[in-house]
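Residue numbers for the sequence shown follow the numbering used here, so the first one is 103 and each next one is one higher.
Please keep in mind that the hints were generated in silico from the structure rather than gathered at the bench.
Predicted, not measured: the structure shown is a model, and the values here were computed from it.
Any given hint could turn out to be false.
What the hints assert, rightly or not - Think about it this way: if two alpha-carbon atoms lie no more than 20 Å apart in a straight line, the pair counts; the simulated PhoX-like pairs of lysine-lysine are:
#1 Lys981 x Lys948
#2 Lys649 x Lys559
#3 Lys928 x Lys948
#4 Lys272 x Lys828
#5 Lys729 x Lys666
#6 Lys775 x Lys828
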Amino acid sequence: MSQKRVYLFGNGKAEGNAKMREELGGKGANLAEMNHIGVPVPPGFTITTDCCNEYYQVGQEKIMELLNDDVMAAVKHIEDLMNCKFGDAANPLLVSVRSGARASMPGMMDTILNLGLNDEVAEGMAKKTNNPHFVYDSYRRFVQMYGDVVLEMKPVNKTDIDPFEEIIEKVKKESGVVLDKDLSVEDLKKLVQLFKAAIKERTGKDFPNDPIEQLWGAICAVFRSWMNERAILYRKMEGIPDEWGTAVSVMAMVFGNMGDTSATGVCFSRDAANGENLFNGEYLVNAQGEDVVAGIRTPQQITKIGSQRWAERAGISEAERVAKYPSMEEAMPEIYAQLNGIQEKLEEHYRDMQDMEFTVQEGKLWFLQTRNGKRTGAAMVKIAIDLLHEGKIDEKTAIMRCEPQKLDELLHPVFDKKALTSAKVIAQGLPASPGAACGQIVFHADDAQAWHADGHKVVLVRIETSPEDLAGMSAAEGILTARGGMTSHAAVVARGMGKCCVSGVGSLNVSYKDKTVEIDGVTYKEGDYISLNGTTGQVYAGEVPTKAAELSGDFKELMDLCDKYTKLQVRTNADTPRDAQLARDFGAKGIGLTRTEHMFFEDKKIIAMREMILADSVAGREKALAKLLPYQKADFKGILEAMDGLPVNIRLLDPPLHEFVPHDLAGQETMAKEMGVSVEDIKRRVDSLAENNPMLGHRGCRLGITFPEITAMQTKAILGAACELKKEGKNPMPEIMVPLIGTMYELKQQKEVIQYAAKEVFQEYGIEVEFEIGTMIEIPRAALTADRIAEEAQYFSFGTNDLTQMTFGYSRDDIASFLPVYLDKKILKVDPFQVLDQKGVGRLIKYAVNEGRAVRPDLRCGICGEHGGEPSSVKFCAKIGMNYASCSPFRVPIARLAAAQAAVEE
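Could you build all of it, start to finish, from the sequences and the hints given here?
Set out below in structure tokens:
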């Protein structure tokens, strides 16, 4: 690793820059960059991400020893620029200690403000500033944060409130005040002593008085927070590697809580929820940054238009708004003008929507952070297309700016407008993250997980969310909070996840103990249904029906851009005309997999199918197949018609026959009556189909080889449907795929059956239809002998679900019993059934593609397993020269974007 462990910044100079995210984390790199471009940033230093990894390798004592000289020199650097001294009672310097990984992880790791205070420093600072209220407010905040983050004093049970908040509420009650800011100096001093006593009693640890000891405690706590539960979970959700580590940035404190000319806030250069090109944000006068994001006080709007929109939603008159809730634009016009100028400068510099934190200390504006803002899927697309239109980015950058997985959010249902007219609005909050959510109320994150695991849809209702609630927020359909603004933890994290969220609903009275929420005199219990409209901030009683989302013009423009650059086509997996049409509407260029077995489970079809399976002679089977033929033909006709002019790849029957037969007595009695045999005969035949390992048993092409009449019937149904469509003036393009082959001879035998049946169909209809015969490569031996197989196959389709199963030797139905342990012990980085294993399974695929094309240069190759809609797997397919990836209809836009990004990355 590089020997330089600490990088300085301040006074318009910095040792780092924006390109050093890997070393300095996103926060540290951007603090350095803001110095370079003339943005006012308090001086400080950043400890590199490598030191975080070193911390876990060598331990706390050793890392302190390795960093000591550099950190002490860096503290001196801040002292010199701020003209004050760390730990000095007469002229003290206080600092903040913040985390910052190279990928944004809002709220997942720890921050400590006002570090450096003790009784002597506080007394000296009060004399120096002549503002004891500010000093002791800062002191009680510091003890509270340090006690929580470093000394780990937290609630014991989920129903308990925060132990520090409990003490604050008690002191406020004794003093007869409602807001924290109205506590007297004596109250604040009392809080400091009560906090310290509670820490000693609860943790057995003394609160450290030495500022240097405080600093090391905080730095090491930030390193530890990289491995806290919520950070680990967030990294798993976002695909952030554990080995990246977090940097630590230490900065001189600037104070937003020094009185009415001081403030703190969070702002966005564009709307993170819908992408509107409108500067927006929230601020609090006489407060510190945690107050805004924690949602403890509901903040005011920065812009006048934002304030007016907020008041309209809240039902507040313009006169009352101006008097009680003025925007910063109105209340602090000079500061607002500076803030607006800097946010424009930062967006222009980074050429992306910025999420910024700032503090105003006695009329002077300081920036504490800027980063590319988290945004919803809809905002992501709109911002990328708007920046393209504004000439700030080019087409390729617009494509790369969009995360494929986030497109999923745009395809989620929205409330039916007709249903909304009769829905009962029970509360109004802030539209923190758009979308529609409906579910049963739960109050705790672990309950949300448990209910979700049991198949329930839930809405997580909290007074305010904290980073500890991440797993529950992920499991919930939507999030509803009583406190917090548009920049609170709940709002920022929900937008990042694409979850519907309504925050700041002041009328909620939540009781965690009773598991109830009271809204305007009506009590709702755990398990009651509510619906949230994250676009308007309205909360409805009961379940409100939803409908499919309507896609914007920006979405279409992005998809058109993808088509301009992509080389890999995207098809869909579809078994019904409805799915085929939906995928076509999403831009699918054909069907990569139609599973014929999914068509057999309707009443009349399943009886005919069972009759065929349970027949004990070829004649009996052919009689049953004759009944199935018209059903199959009608199904295929609908799908081929929906995909008219585009290829449709139909897989012949694949699953083991025992999956179709009746295992219950009633079903067996029905079949006995239908076939005119005894129930005992049916039961005996069903039992004879049982296999010890059916996934490796009598399935796939083995069925067609044992019972060639099945292959013949399916071929006649496919090509009969195509002939009828051709006579109607349509352009059907069928492809017939033989599944689960391991040798070339299996394919050759099935191909002969298909060609013979095709000849019969074409003679019957007096017309011919072009079609292709290919195979599914899903057995490792097939991949290894692809050159032989390509002699017979016109195309390869890689069935990566089975290929993964057989390459790893993992049963995809049973992997859940050991996968969590494998992920935890880093044996596997991801679930190989969700993300294609490029080193093993991918190597087989690449080998098969190359070997097949050596024999048949025009061999078309595609992928049709679940991996066909997973972005990194799609990019792999593009990289090795595949022709298409096929996925479920709703994942088609995701795969199209991933394929375009793969082409741009080349």
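Results for each hint:
For the hint linking lysine 981 to lysine 948, the alpha-carbon distance of about 10 Å falls within 20 Å, and the restraint holds. Distance hint between lysine 649 and lysine 559 is fulfilled; the C-alpha atoms sit about 17 Å from each other, no more than 20 Å. A distance of roughly 26 Å separates the Cα atoms of lysine 928 and lysine 948; the hinted pair therefore is violated under the 20 Å criterion. A C-alpha spacing of about 81 Å is found between lysine 272 and lysine 828, which places the hinted pair above 20 Å, so the restraint is violated.
A distance of roughly 47 Å separates the Cα atoms of lysine 729 and lysine 666; the hinted pair therefore is violated under the 20 Å criterion. At roughly 40 Å between alpha-carbon atoms, lysine 775 and lysine 828 are farther apart than 20 Å, so this suggested pair is violated.
Hints 3, 4, 5 and 6 from the list above are not met by this structure, while the remaining hints are.
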